[in-house]
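Chemist: Using the sequences provided together with the hints, build the complete structure.
4 protein chains.
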Amino acid sequence: MKTLLTATVLLSGAVLALAYNPAEHACTTINIPDIPGYLTLKCDFHMHTVFSDGLVWPSVRVDEAWCEGLDGIAITDHIERHPHKAEGLTTDPNRSYEIARAAGQELDLLVVKGSEITRAMPPGHLNALFLTNATPLETANWEDAVKNARAQGAFIVWNHPGWERQITNGLVLWYPEHTWLREQDMLHGIEVINGRDYYPEAHRWAVERRLTLLGNTDIHPPLGMEHDTRRGDHRPMTLVFAKARTVEALREALFERRTAIYHGNQLIGDEQFLRPIYEKSIQWGKTTLVLRGRQRVWVRIGNSSDISYELERVSELKELETPRKLILPARKTALFEVRGTKAAEGRRKLAAAYRVTNLLVGPDKPVEISIPLDITFAASE
Amino acid sequence: MKTLLTATVLLSGAVLALAYNPAEHACTTINIPDIPGYLTLKCDFHMHTVFSDGLVWPSVRVDEAWCEGLDGIAITDHIERHPHKAEGLTTDPNRSYEIARAAGQELDLLVVKGSEITRAMPPGHLNALFLTNATPLETANWEDAVKNARAQGAFIVWNHPGWERQITNGLVLWYPEHTWLREQDMLHGIEVINGRDYYPEAHRWAVERRLTLLGNTDIHPPLGMEHDTRRGDHRPMTLVFAKARTVEALREALFERRTAIYHGNQLIGDEQFLRPIYEKSIQWGKTTLVLRGRQRVWVRIGNSSDISYELERVSELKELETPRKLILPARKTALFEVRGTKAAEGRRKLAAAYRVTNLLVGPDKPVEISIPLDITFAASE
Amino acid sequence: MKTLLTATVLLSGAVLALAYNPAEHACTTINIPDIPGYLTLKCDFHMHTVFSDGLVWPSVRVDEAWCEGLDGIAITDHIERHPHKAEGLTTDPNRSYEIARAAGQELDLLVVKGSEITRAMPPGHLNALFLTNATPLETANWEDAVKNARAQGAFIVWNHPGWERQITNGLVLWYPEHTWLREQDMLHGIEVINGRDYYPEAHRWAVERRLTLLGNTDIHPPLGMEHDTRRGDHRPMTLVFAKARTVEALREALFERRTAIYHGNQLIGDEQFLRPIYEKSIQWGKTTLVLRGRQRVWVRIGNSSDISYELERVSELKELETPRKLILPARKTALFEVRGTKAAEGRRKLAAAYRVTNLLVGPDKPVEISIPLDITFAASE
Amino acid sequence: MKTLLTATVLLSGAVLALAYNPAEHACTTINIPDIPGYLTLKCDFHMHTVFSDGLVWPSVRVDEAWCEGLDGIAITDHIERHPHKAEGLTTDPNRSYEIARAAGQELDLLVVKGSEITRAMPPGHLNALFLTNATPLETANWEDAVKNARAQGAFIVWNHPGWERQITNGLVLWYPEHTWLREQDMLHGIEVINGRDYYPEAHRWAVERRLTLLGNTDIHPPLGMEHDTRRGDHRPMTLVFAKARTVEALREALFERRTAIYHGNQLIGDEQFLRPIYEKSIQWGKTTLVLRGRQRVWVRIGNSSDISYELERVSELKELETPRKLILPARKTALFEVRGTKAAEGRRKLAAAYRVTNLLVGPDKPVEISIPLDITFAASE
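Residue numbers (the numbering used here), protein chains in the order written: chain A, 303 to 683; chain B, 303 to 683; chain C, 303 to 683; chain D, 303 to 683.
Hints may contain errors.
When chains are identical, the list treats them as one kind, so a pair holds in a single copy or across two.
For lysine-lysine, the following DSSO-like pairs were computed, each having C-alpha atoms within a straight-line distance of at most 27 Å [to be verified]:
1. Lys627 to Lys545
2. Lys627 to Lys588
3. Lys620 to Lys667
4. Lys634 to Lys582
5. Lys644 to Lys387
6. Lys545 to Lys588
7. Lys644 to Lys667
8. Lys588 to Lys449
9. Lys627 to Lys644
10. Lys634 to Lys545
Keep in mind the hints are simulated off the structure, nothing from the lab.
Modeler: Dropping the structure here:
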């Protein structure tokens with residue numbers, strides 16, 4: 303025990319614990335390779351905080367993103383909705399961004415200023431990204447809100463076009479309002495993925511109408527309540543192929559449509575982005591082989607990425623048996639089994655055609671790849 | 303596509319998604335049995351929200367607790383600390399409880415009104431539970447704050463007595479202030495577990511000075527950032543042996559010292575509570591055996607609880623080999639191996655003495671149990 | 303250190319460690335309820351050991367099954383295949399069963415004597431279960447092998463009818479040989495599930511031709527190489543609705559077609575078995591409700607089984623909004639959200655129609671259930 | 303349906319499934335870096351098959367090791383023990399190695415020929431590695447067995463010196479027989495880790511008597527029954543710092559004592575090996591900092607290895623607060639928090655001293671490291 307110490311009252315709270323110490327946490331690396339000429343930045347451009355109808359303080363969004371290994375986020379609280387006004391919380395639409403940005407600076411996470419213009423369909427909900435001031439968006443007419451955002455150079459996204467509550471008789475519709483927005487250069491991107499939902503119509507529109515693809519969470523509660531991130535159940539994210547790791551480079555890439563979506567074990571995007579990601583992920587072992595008769599040989603295929611590529615044979619080869627299906631598991635080395643047939647002897651260069659069913663360039667349209675093999679067929683011993 | 307629909311602006315937000323739909327979530331059962339005469343209620347009596355220095359809205363605390371299978375929680379925001387005052391958030395110390403209570407009613411979770419009186423050591427931080435009005439606790443003098451809480455019938459807890467920032471030269475101290483509080487009937491419980499920390503001194507004081515044992519989270523960020531609850535990394539909790547599943551019954555049980563602590567794979571508490579929990583968890587297979595010579599037989603031991611009991615042999619038996627160590631895994635059936643020795647033939651009733659090293663009645667003091675066996679020793683064939 | 307001890311040579315191996323101590327392991331409970339009149343026994347009737355082309359000693363099959371919580375297994379080594387003959391291993395087709403049976407007796411696991419009659423298609427591979435002597439099956443003519451098995455009262459199963467290597471141009475075929483076998487009472491069951499494969503044609507045949515449904519592993523390597531059993535990736539198994547936990551009762555139930563298949567998160571079988579399993583798994587909370595206007599209320603639904611039931615709404619109710627989809631997670635309590643509409647006031651008994659998409663009574667044919675609700679519609683306050 | 307096909311009987315088994323197709327499986331990379339001048343090869347030099355008292359076919363040991371990412375294994379069946387002789391299995395002590403070697407060649411896994419000389423204590427069990435012919439080891443006198451192994455150039459290991467069944471009154475003893483073996487150059491290595499057991503005495507002897515450190519499984523059942531390898535519960539392994547990835551290079555490194563042990567989250571070995579592994583695992587962020595008053599800054603620390611390094615502060619710095627404990631999680635980036643004190647202004651080069659408690663150069667003797675920091679202390683703004 304001890305002798306009596308003077309009890310000093312410390313109302314100032316100087317002895318309080320830190321609310322939350324990120325030093326106890328750590329940041330995971332998301333293994334999706336850069337592609338030639340660009341960094342592959344991992345981003346989530348749609349999320350909420352207590353400053354609209356979300357349930358966490360803005361700094362939590364930064365901590366969650368940092369822990370999961372993201373490069374950037376946008377805070378996009380609803381312009382029109384402030385359910386905590388009764389508790390006195392400010393309705394200034396810039397405030398949640400400011401808090402998140404300060405937290406982001408400490409952890410070197412990019413934070414984009416955004417706002418969600420939240421209206422009935424059409425046009426539904428629109429995110430305005432890269433704002434400088436969200437206040438002018440507080441206006442009754444949605445056209446004015448979008449114009450005021452665009453006047454700041456904002457990038458406008460149509461959110462969750464296939465949301466169950468805003469579709470009509472089960473149909474996801476493109477309205478004249480969207481055509482108008484597009485014509486006015488006031489619609490640039492579309493969410494093909496929102497949370498766990500995939501909208502094939504939005505995917506088709508993105509391809510046909512040349513909209514930027516986005517996949518975001520739209521998260522309201524703590525992220526961990528919807529995603530088991532510790533076990534690889536990552537959030538949906540927008541991959542941005544950027545020239546630098548800056549907010550300005552994110553903006554440039556979004557306007558130039560250099561994005562893809564990482565959702566579950568799928569990548570969704572243009573072939574010019576998905577193909578190099580696949581190719582830089584894969585390390586082929588020796589593919590120059592000698593096969594004696596019906597001998598079986600295994601070719602090693604390493605995959606250094608976090609995506610398990612799912613291969614399906616396009617057509618059989620005459621000279622060679624190759625697997626009908628093959629999974630190249632994330633961060634592992636798989637075996638590709640080839641087996642000789644009754645082929646005539648001699649050396650041949652073959653190409654085994656496969657589709658990668660979880661790399662989608664359009665709805666139901668996978669990337670096709672070719673596996674080059676150099677085989678010398680010999681008589682069995 | 304479709305013809306033009308009239309665009310109705312819905313500023314009211316009626317078409318908004320619910321912020322967070324608990325219907326997507328589900329509640330786990332914590333398998334710790336009731337004991338004779340009492341329900342075993344699982345509670346966490348220390349946590350924070352954005353209304354002090356926590357990082358989530360109060361309803362999140364209810365959702366987290368409901369998902370994890372708790373019966374009750376206390377909201378205990380700091381009386382003296384309102385870091386979000388600048389954003390306009392009310393400093394009314396009753397408000398976070400009111401929000402949580404409403405959420406609790408929908409999910410049938412008990413919510414206790416509490417406040418943390420947050421001062422330098424001594425007396426350190428004190429939780430006042432079962433308040434009716436937190437406002438009178440806002441006062442400069444800590445003695446007055448405690449008196450005003452006690453005047454409402456509050457149960458007072460000394461929080462994290464071994465907190466690194468409030469100990470002296472590595473020593474956890476009991477101050478005259480604590481003696482005074484105890485003498486004034488203004489100190490009833492003590493946190494032996496706070497978060498992931500265990501304080502052996504607090505455990506010893508609780509036993510010697512007859513304080514109620516508490517184990518709580520003191521959580522500030524979303525729970526999922528500190529506990530991997532999906533994989534059995536449960537929060538520390540206070541088990542309350544209550545006569546009913548009501549707030550009043552919690553209060554009665556706390557004042558009567560009918561609690562234990564569930565922390566990691568440990569239970570900490572009085573033997574009168576730990577022993578029946580162990581006994582109701584375990585189902586013994588057939589323990590009347592015939593052993594021929596050095597024959598080996600396995601006795602099945604089922605464990606229907608979530609606690610993996612860790613058994614260690616107290617002493618060897620002369621007639622029988624039994625395992626030195628044995629784990630009875632949670633929700634599984636284990637095998638207890640017995641093997642005959644060169645014992646004389648005949649039937650004998652034996653008791654194998656074990657200690658259950660993860661049931662602690664005091665610091666380093668495990669519960670001891672006895673395994674009754676009825677063995678007929680026969681000659682080997 | 304110590305003085306010199308005499309070195310005694312112990313060539314007999316008496317000081318050796320046990321090869322493998324099951325006491326270190328424990329048995330999980332598979333939570334699928336018994337149904338009225340029958341025990342629900344969990345079985346796997348198809349597996350291999352080193353005595354044919356498997357890769358483990360027969361006792362391993364018993365340990366694996368015991369750890370996973372099975373009640374019974376059949377050892378079904380190939381009659382015609384003994385790749386380890388060169389290493390001297392006996393080709394006696396009874397030996398693997400005898401070793402497994404001895405191991406099974408120690409752990410109280412039922413072991414059935416079987417053999418796989420392994421021929422080209424037709425008739426393909428056939429398992430003969432409940433043999434007394436496998437030796438007479440060693441005969442060139444497959445008809446003779448089946449006859450000799452049947453003469454012992456064997457139950458005959460057509461294994462993996464849709465196996466990629468035995469189908470024709472992608473078609474799974476029923477051959478005249480199978481018709482002949484059926485007519486001779488020499489074909490009783492069919493594998494609808496083999497390993498991770500599901501054969502819809504076999505499922506249809508089982509329903510139409512009244513064959514007993516079986517789902518088995520056909521495991522050759524250690525089970526843990528193909529199933530992550532520690533994380534709920536259980537092996538496919540045949541649920542047998544038996545009058546007792548004996549080999550004879552398994553036999554009676556198989557001949558009487560009282561089986562279902564547990565595969566991934568699916569149950570496949572006759573409605574008379576799947577419906578009571580579902581009903582005994584589910585505990586409904588209070589379904590007598592008062593709804594004021596468009597009020598939302600949550601009804602609790604507990605699920606004590608290991609199967610996460612996947613519900614899909616058959617049709618909407620006029621008076622009430624109920625969820626389009628709902629998962630009732632295994633061993634958890636979920637919330638079923640009901641919400642009032644503009645219904646006239648008054649009390650009504652409603653039945654919400656759902657299909658349970660992972661309970662299959664035929665290919666693409668789920669079990670339909672009805673949720674009874676007793677609602678009093680009141681004006682909103 | 304289809305018309306009748308001719309039923310061809312295929313007794314030869316040509317239509318049989320492969321017993322087990324490794325192409326379905328994949329190989330993990332164990333992220334422990336190479337060190338300057340040497341490859342870091344991951345090996346397990348002690349395991350059993352059905353050819354002694356193990357429970358799997360030798361090829362399974364190769365598949366298990368390949369899947370887990372090992373570079374090499376030794377098959378070490380007991381010379382004296384053939385429990386499956388009654389089933390006709392050959393007792394030729396060379397056979398299990400030959401089968402494993404063939405499997406290893408297909409998967410490019412190094413397989414070392416070994417045998418376990420299995421006698422009572424002293425000298426206990428000895429592994430002879432790098433044999434050319436195991437048959438001469440079948441001899442009654444253990445000295446002769448070791449001599450015959452040594453005559454082939456074998457590397458001799460004392461297995462599990464602290465095995466519960468071979469110790470005396472709880473003491474792990476070094477016998478004169480071991481001194482004799484050492485003097486005759488017939489004892490080169492010692493198992494400090496066997497399965498999940500650590501023997502501190504063996505560790506001390508290894509350091510003092512300059513024996514090569516080994517950590518092995520001694521596995522008898524399928525590996526998956528004792529290790530949850532899918533979730534990072536890797537087997538204990540011997541890290542060999544080799545000049546090439548060949549059996550001969552393994553042999554050279556073992557005789558030169560260039561090994562360490564990877565066990566759980568620990569590395570055990572000489573500082574000359576552990577330090578470069580740690581240093582090559584860690585990537586420090588910017589450590590040249592400006593601190594204003596009591597400002598807090600986080601320094602990033604990346605860890606590209608599979609080992610989570612556990613740091614503990616050796617002593618406090620006068621000028622700077624640094625964390626008392628810090629974990630650098632495997633394959634993540636952690637934050638090292640530094641905080642200014644009331645230090646005089648100016649620039650100082652500081653070294654923060656830490657011990658890495660899970661890198662053991664001797665029993666209870668961790669590696670010490672120093673973190674260089676270059677801090678400019680400035681006045682707070």
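Chemist: Compare the structure with each hint and give your call.
Modeler: Consistency of the hints with the structure:
When the C-alpha separation of Lys627 and Lys545 is checked against a cutoff of 27 Å, the pair qualifies neither within a copy, at 36 Å, nor between copies, at 38 Å. With identical chains, the CA atoms of Lys627 and Lys588 are at most 27 Å apart within one copy only, with a shortest distance of 20 Å there and 46 Å across copies. For the homomeric pair Lys620 and Lys667, the shortest alpha-carbon distance inside one copy (26 Å) is at most 27 Å, but the shortest distance between copies (40 Å) is not. For the homomeric pair Lys634 and Lys582, the shortest alpha-carbon distances inside one copy (14 Å) and between copies (22 Å) are both at most 27 Å.
Neither within a single protomer nor between protomers do Lys644 and Lys387 lie at most 27 Å apart by alpha-carbon distance, with minima of 78 Å and 30 Å respectively. Taking the shortest Cα distances, Lys545 and Lys588 sit within 27 Å of each other only across copies (23 Å), while inside one copy they are farther apart (34 Å). Taking the shortest alpha-carbon separations for Lys644 and Lys667, neither the intra-copy value of 34 Å nor the inter-copy value of 44 Å comes in at or below 27 Å. Neither within a single protomer nor between protomers do Lys588 and Lys449 lie at most 27 Å apart by alpha-carbon distance, with minima of 58 Å and 43 Å respectively.
Taking CA atoms no more than 27 Å apart as the test, Lys627 paired with Lys644 passes inside one copy only; the shortest distance there is 22 Å, against 53 Å between copies. For the homomeric pair Lys634 and Lys545, the shortest alpha-carbon distance between copies (25 Å) is at most 27 Å, but the shortest distance inside one copy (30 Å) is not.
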